[in-house]
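Peer 1: Sequences are here, hints too, so could you generate the full structure?
Residue numbers (this note's numbering), protein chains in the order written: chain A, 1 to 126; chain B, 1 to 510.
Since the hints were made in silico from the structure, they are not lab data. Keep in mind the model is a prediction, meaning the values are calculated, not measured. Ideal Cβ placement from N, Cα and C applies to all residues, glycine included. Please note that a few of the clues may not be correct.
[Claimed, not checked] A few chain A residues that don't get close to chain B, going by computed Cβ distances all over 12 Å:
1. 59
2. 62
3. 73
4. 96
5. 109
6. 110
7. 117
[What the hints assert, rightly or not] If you anchor each label on the Cβ, the simulated ranges turn out as follows:
8. B:453 to A:88: 42 to 50 Å
9. A:44 to B:386: 51 to 59 Å
10. A:11 to B:386: 48 to 56 Å
11. B:481 to A:88: 23 to 31 Å
12. A:22 to B:448: 43 to 51 Å
13. B:448 to A:57: 52 to 60 Å
14. A:111 to B:377: 28 to 36 Å
15. A:11 to B:324: 21 to 29 Å
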Amino acid sequence: MKTILVIDDDNAVRKAFALALEDTPYKVDGAESGEKGIEMEQNNRYDLIFLDLKMPGLNGVETLRELRKISKDTPVYIVTAFYKEFFEGLKAVIDDGLNFELLKKPVGADDIVLVAKSVLEGPEAC
Amino acid sequence: MRKIKTPRENKGARHVKAHPISTIEAINKMVPPRSTRNIRRGHIIKSMRNAGHIGKEAWEDAVVKMQMTNEKQTFARANRFYDALNYAQSMMREVKKREEELQVINEEMEASNEELQATNEEMEATNEELSSTTDELQQTSTYARSLIEASLDPLVTIGRNGKIKDVNHETEVMTGRSREELIGTDFSDYFTDPENARAGYKKAFKEGFVRGYPLDLLHVDGHATPVLYNAAVYRDEAGKVMGVFAAARDITEQKKTEQKLNKLLDDLKGSQAQLIQAGKMSAVGTMTAGVAHELNNPMMSILNFIQYCIKHTAEDDRKYTVLKDAEHECKRSSEIINNLLTFSRMESEGEEEYQKEDLAKILDRVFKLSSYRIKKDNVLLTHHIAKKTPELWIKANNIQQVVLNLINNAMDGLEKSRKKEIHVEIHSEGEFVELTISDTGCGISPEHLEKIYDPFFTTKPVGIGTGLGLSISHSIIKAHGGEIMCETKPGKGSKFKVLLPVEKRKETKR
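Peer 2: Here you go:
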């Protein structure tokens, strides 16, 4: 079974992802911080990660750098409404050859499912 | 003088040959001249000649007597002659004396003459001196007058009675009246406030002077010149106060500068108030952005929760449509939040890259953003986008902000208009794309028109306008190498024209 990790300090957001993906064949896990997310990735190696940028402790950019140390190719979708603040950091991440995708908040259920399916099954699956 | 000898001395009358018949002959013959007496005596002598018969004694007596008589006569004659001579001599002496006196007088006169000559010369010299002194005086007077006339300040002397005694040319210029008109008239009549003018004059008399006394000098055409008066009393040789000598300084320019400064100060105060306002707005903006951002997470959650419910609700269930409405409203809220973020300061501060963008798309986004207000204010919004309008190299968010500002301004101007219409047009104009936004609003007054791009200039009530919209818009368009222009008719409406270059502009550091 394909697994998805949602790293977001906001429980409601994690819950939203879980509900949206409830009827999909994917297993959805949640992490309330960057540190927790890294730990979980280390233990489980997820197929898709949704990552928030603005979090207490490690922020999204720092978390991404750590995640990329664990696995280079796991698709990571940074979900945020407010990336300007992290623009420089993200630019540096790109310059360092680390890849990620951006997903703009708020993301509805359809979009979540769409992203999950296209990443995990390929575009033709949608 | 020759001494005439008496006959006795001259050997007596024997030598007398004949009786002279004239004085000359008498002198020549050395005998007294014949006179009546002589003639009578001659008779005697004749008679005596005839008296041959007279005895010798008698003869001798007679002779003696005659001799004596002759001698006496001769002597008398001589004396007379002598007297005459003496007289002549004294006359001569007198003449001589007179001559001498004359000589003396003459000499004296000559001396006097010399003195006179000298005096004359002295007088001539004095005269010359006087003449040159007069010339000098004349020159000094001319010089003094020319100085007074050359003065750029109006100068005036006022007598004890308050009447003008003299003025210079500048006074004529500033009052528009001739010297002849002014002299002899009351000086206070030529000021806007005669009472104040008289008070200054009295003060000068009382204290000896006044300095920087402000008055307004009245021109014959009615206009007034603000002046500062310096006035002091002047005296005659005895020290008696004759009147007041006053000089005015035209302070029109200073007044203008003062007014400008005051206006600047007012503007500055206004700007300060606006800055404080802008600061508040900026704080509000920052807070709004923060709040909007924070709202995103719950909005996203709510959206997903609703969508979850929809998914698990049968379409024929009454709850289904309600949930669908909830989803719609939730999406609308999200969009509002998104737009708030887009236009918030925090969003615009980020560096945005130039990208190819269709102006029509931006316009569409702005219309969506404004749709709520357009409906609420009952504004008729029309637009026309010409076909084949090329895409532009622009910073899309910045241009969107400009278009939104212009649309918002148009709607602000429409608030009190009966006809509420906004028309937007986009078409190519050579190497540019032209966007015009025209409204039927209140328009912009000419005195405001030149300030509309000034930062913090606003005619909107405090709390509504920041005075930054058009200023920022202007900066953005300029940064794109474009132009923003305004045509307006107060009471009829305004038209803003934005020209944006089609080709990519080399990015310049701002």
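Peer 1: Each hint: holds or not?
Peer 2: Cross-check of the supplied hints:
1. 59: holds (14 Å)
2. 62: holds (19 Å)
3. 73: holds (27 Å)
4. 96: holds (19 Å)
5. 109: violated (4 Å)
6. 110: Label violated. Min Cβ-Cβ 7 Å, cutoff 12 Å.
7. 117: holds (15 Å)
8. B:453 to A:88: 42 to 50 Å: violated (32 Å)
9. A:44 to B:386: 51 to 59 Å: Because 57 Å falls inside the window, the suggested range holds.
10. A:11 to B:386: 48 to 56 Å: This hint holds: roughly 52 Å between Cβ atoms.
11. B:481 to A:88: 23 to 31 Å: This hint holds: roughly 27 Å between Cβ atoms.
12. A:22 to B:448: 43 to 51 Å: About 60 Å separates the Cβ atoms of residue 22 (chain A) and residue 448 (chain B), which means 43 to 51 Å is violated.
13. B:448 to A:57: 52 to 60 Å: holds (53 Å)
14. A:111 to B:377: 28 to 36 Å: Since the Cβ atoms of residue 111 (chain A) and residue 377 (chain B) sit about 34 Å apart, the hinted range of 28 to 36 Å holds.
15. A:11 to B:324: 21 to 29 Å: holds (26 Å)
Violated hints, listed in ascending order, are 5, 6, 8, 12; each of the other numbered hints is respected by the structure.
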